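Use these hints to put chain B onto chain A, whose structure you have.
The listed protein sequences correspond, in order, to chains A and B. So in our numbering, spot 24 of the first sequence is number 24, and the numbers just go up one at a time. Residues are numbered in our numbering as their position in the second sequence, beginning at 1, plus a constant of 113.
Simulated from the structure, these hints should not be mistaken for lab results. Since we're looking at a predicted model, the values are computed, not measured. Every residue, glycine too, gets a C-beta built ideally from N, C-alpha and C. Some hints could be false.
Straight-line alpha carbon distances no greater than 20 Å define the calculated SDA-like cross-link-like pairs of lysine to any residue that follow [to be verified]:
hint	chain 1	residue 1	chain 2	residue 2
1	A	2	B	151
2	A	2	B	172
3	A	2	B	150
4	A	42	B	135
5	A	2	B	154
6	A	45	B	139
7	A	42	B	227
8	B	183	B	153
9	A	42	B	137
10	A	2	B	174
11	A	42	B	198
12	A	45	B	118
13	A	42	B	152
14	B	122	A	2
15	A	42	B	118
16	A	45	B	140
17	A	42	B	222
18	A	42	B	123
19	A	45	B	142
20	A	42	B	124
21	A	45	B	115
22	A	2	B	173
23	A	2	B	157
24	A	79	A	113
25	B	122	A	43
26	A	45	B	157
27	A	42	B	174
28	A	45	B	143
29	A	45	A	67
30	B	122	A	41
31	A	45	B	153
32	A	42	B	121
Every beta carbon over 10 Å from chain B, so not counted as near; a handful from chain A, in silico [unchecked claim]:
hint	residue
33	60
34	69
35	81
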Amino acid sequence: RKEVEQDPGPFNVPEGATVAFNCTYSNSASQSFFWYRQDCRKEPKLLMSVYSSGNEDGRFTAQLNRASQYISLLIRDSKLSDSATYLCVVEFGRTDSWGKFQFGAGTQVVVTP
Amino acid sequence: NAGVTQTPKFRVLKTGQSMTLLCAQDMNHEYMYWYRQDPGMGLRLIHYSVGEGTTAKGEVPDGYNVSRLKKQNFLLGLESAAPSQTSVYFCASSPTLNPRPTDTQYFGPGTRLTVL
Numbered sequence: 001r002k003e004v005e006q007d008p009g010p011f012n013v014p015e016g017a018t019v020a021f022n023c024t025y026s027n028s029a030s031q032s033f034f035w036y037r038q039d040c041r042k043e044p045k046l047l048m049s050v051y052s053s054g055n056e057d058g059r060f061t062a063q064l065n066r067a068s069q070y071i072s073l074l075i076r077d078s079k080l081s082d083s084a085t086y087l088c089v090v091e092f093g094r095t096d097s098w099g100k101f102q103f104g105a106g107t108q109v110v111v112t113p
Numbered sequence: 114n115a116g117v118t119q120t121p122k123f124r125v126l127k128t129g130q131s132m133t134l135l136c137a138q139d140m141n142h143e144y145m146y147w148y149r150q151d152p153g154m155g156l157r158l159i160h161y162s163v164g165e166g167t168t169a170k171g172e173v174p175d176g177y178n179v180s181r182l183k184k185q186n187f188l189l190g191l192e193s194a195a196p197s198q199t200s201v202y203f204c205a206s207s208p209t210l211n212p213r214p215t216d217t218q219y220f221g222p223g224t225r226l227t228v229l
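Pulled out of the complex, with its shape left as it was, chain A reads as follows (with noise of 0.2 Å):
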């Protein structure tokens, strides 16, 4: 099982619509959550953290919730630029076995005219 799993997709979304979707994470013990946002063969680049509260920035909303260990990203009114695969990404937190920093694999949306 992974450790982080998201729907792949595609999501195909009709410009000025609303998508959401989903990241659950196995590990209990996580401390930070982070959404990326990756165009096609180029790097991440963040989108926003995830606070405990959840958070918006913009047209984009992101939920924690802890309980069932899922993260949630919406974006509102979509645009076509907003066309990309959005990467969850967990951080385990400092322990001696390092590297506990996993991408999901993503999550593809097309937005469409």
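Same frame as chain A, but now just chain B:
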């Protein structure tokens, strides 16, 4: 600032050949990382460094070696390339080892390596 740069951008190797990938950052970050990304899989950590002169193994270190002789550079070496090492390699740097919400990892543009 150039951020994080990687050299080369593309490379084709034959099985058994060796090569070194160079990562450079000009942000004075302490921490640097090498990842590989394969289709259908998330980025996997190969090696990382918490400072000049230090390196440590990540999730998939076999077949790779690294060196951090200067703070701004992190080299990834393949001593004897294998087809299983065909991948996209990303370097990243971070001001801290344990990124907090105010921190992030900054990635280089990637190196696309094919081993025949």
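Hint check:
no., hint, result
1, A:2 to B:151, "15 Å, holds"
2, A:2 to B:172, "13 Å, holds"
3, A:2 to B:150, "15 Å, holds"
4, A:42 to B:135, "17 Å, holds"
5, A:2 to B:154, "10 Å, holds"
6, A:45 to B:139, "17 Å, holds"
7, A:42 to B:227, "17 Å, holds"
8, B:183 to B:153, "34 Å, violated"
9, A:42 to B:137, "17 Å, holds"
10, A:2 to B:174, "19 Å, holds"
11, A:42 to B:198, "19 Å, holds"
12, A:45 to B:118, "14 Å, holds"
13, A:42 to B:152, "14 Å, holds"
14, B:122 to A:2, "30 Å, violated"
15, A:42 to B:118, "13 Å, holds"
16, A:45 to B:140, "16 Å, holds"
17, A:42 to B:222, "6 Å, holds"
18, A:42 to B:123, "13 Å, holds"
19, A:45 to B:142, "17 Å, holds"
20, A:42 to B:124, "16 Å, holds"
21, A:45 to B:115, "15 Å, holds"
22, A:2 to B:173, "15 Å, holds"
23, A:2 to B:157, "12 Å, holds"
24, A:79 to A:113, "9 Å, holds"
25, B:122 to A:43, "12 Å, holds"
26, A:45 to B:157, "16 Å, holds"
27, A:42 to B:174, "23 Å, violated"
28, A:45 to B:143, "19 Å, holds"
29, A:45 to A:67, "28 Å, violated"
30, B:122 to A:41, "12 Å, holds"
31, A:45 to B:153, "18 Å, holds"
32, A:42 to B:121, "15 Å, holds"
33, 60, "15 Å, holds"
34, 69, "17 Å, holds"
35, 81, "19 Å, holds"
Of the numbered hints stated above, those contradicted by the structure are hints 8, 14, 27 and 29, listed in ascending order.
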